[in-house]
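Residue numbers (this note's numbering), protein chains in the order written: chain A, 1 to 113; chain B, 1001 to 1116.
Keep in mind that a hint or two might mislead.
Okay, derived cross-link-like pairs now, BS3-like style, lysine-lysine, Cα gap no bigger than 30 Å in a straight line [stated by the list, open to error]: (1) B:1071 to A:13; (2) B:1056 to B:1005; (3) A:57 to B:1108; (4) B:1108 to B:1038; (5) A:57 to B:1071; (6) B:1068 to B:1056; (7) A:57 to B:1111; (8) B:1038 to B:1056; (9) B:1068 to A:13; (10) B:1108 to B:1068.
Simulated from the structure, these hints should not be mistaken for lab results.
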Amino acid sequence: KAGVTQTPRYLIKTRGQQVTLSCSPISGHRSVSWYQQTPGQGLQFLFEYFSETQRNKGNFPGRFSGRQFSNSRSEMNVSTLELGDSALYLCASSLEAGAQPQHFGDGTRLSIL
Amino acid sequence: DQQVKQNSPSLSVQEGRISILNCDYTNSMFDYFLWYKKYPAEGPTFLISISSIKDKNEDGRFTVFLNKSAKHLSLHIVPSQPGDSAVYFCAASATTTGAGSYQLTFGKGTKLSVIP
């Protein structure tokens, strides 16, 4: 059974650009959450999607956005990139909204120059 | 304000001995707790979880203990093996807030090194 797939694995961007990251959940999983991992702040919740609806959002600026498609695949977008956005972005899926555990992908490493 | 704290950034244990990783939380709404293991360049892998209605859950070499009154949980690994060397994250979720979200709040991790 395939796990959570995130693409791309690595990405280099410059300040001011925008970026889109993709996540395919485990087959049959309908809930997708996104997390940001940095050395200073650790793993922090970005947002959660279920049935193409954002159910909750963490404490991040509006430059961070996402969406979920009818096949449960999800994308997150970061606009006007800043140096501080350099991080590992992790996607996690679970069967239903609120179901635990969440299963994580290997992440997208985003570096901002 | 950190709601989930892992106060030991690192821990070294001899192979075959017990590893004990600790985690404290402050939010009394948390009622479900999980441990994840993370190797470099990989995402966190789910290990074991416990609901607040229990005080112990066991899965093979891994046991999680929950002390609700102290807002403390611990992960015991017995016996420890070199392949257990990784960063371990404690995570908590509030499943009954009614807010419709079950986001995980993570500690900052403990790096476990099991010495052969």
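Hints, verified against the model:
Taken as a hint, the residue 1071 of chain B and residue 13 of chain A pair is broken in the structure, with Cα atoms around 42 Å apart against an allowance of 30 Å. For the proposed pair residue 1056 of chain B and residue 1005 of chain B, the alpha carbon gap of about 20 Å is at most 30 Å, so the pair holds. A threshold of 30 Å between alpha carbons decides the hint, and for residue 57 of chain A with residue 1108 of chain B the separation of about 20 Å falls inside it, so the pair holds. Restraint check for residue 1108 of chain B and residue 1038 of chain B: the C-alpha separation of about 12 Å stays at or below 30 Å, so the hint holds.
Straight-line distance between C-alpha atoms of residue 57 of chain A and residue 1071 of chain B comes to about 26 Å, which keeps the hinted pair within the 30 Å bound. With a C-alpha separation of about 11 Å, the suggested pairing of residue 1068 of chain B with residue 1056 of chain B holds against the 30 Å cut-off. The suggested pairing of residue 57 of chain A with residue 1111 of chain B holds, with an alpha-carbon distance near 29 Å, which does not exceed 30 Å. The suggested pairing of residue 1038 of chain B with residue 1056 of chain B holds, with an alpha-carbon distance near 23 Å, which does not exceed 30 Å.
For a cut-off of 30 Å, the pair hint linking residue 1068 of chain B to residue 13 of chain A is broken: about 45 Å separates their Cα positions. This hinted pair checks out: residue 1108 of chain B and residue 1068 of chain B have alpha carbons roughly 21 Å apart, not beyond 30 Å.
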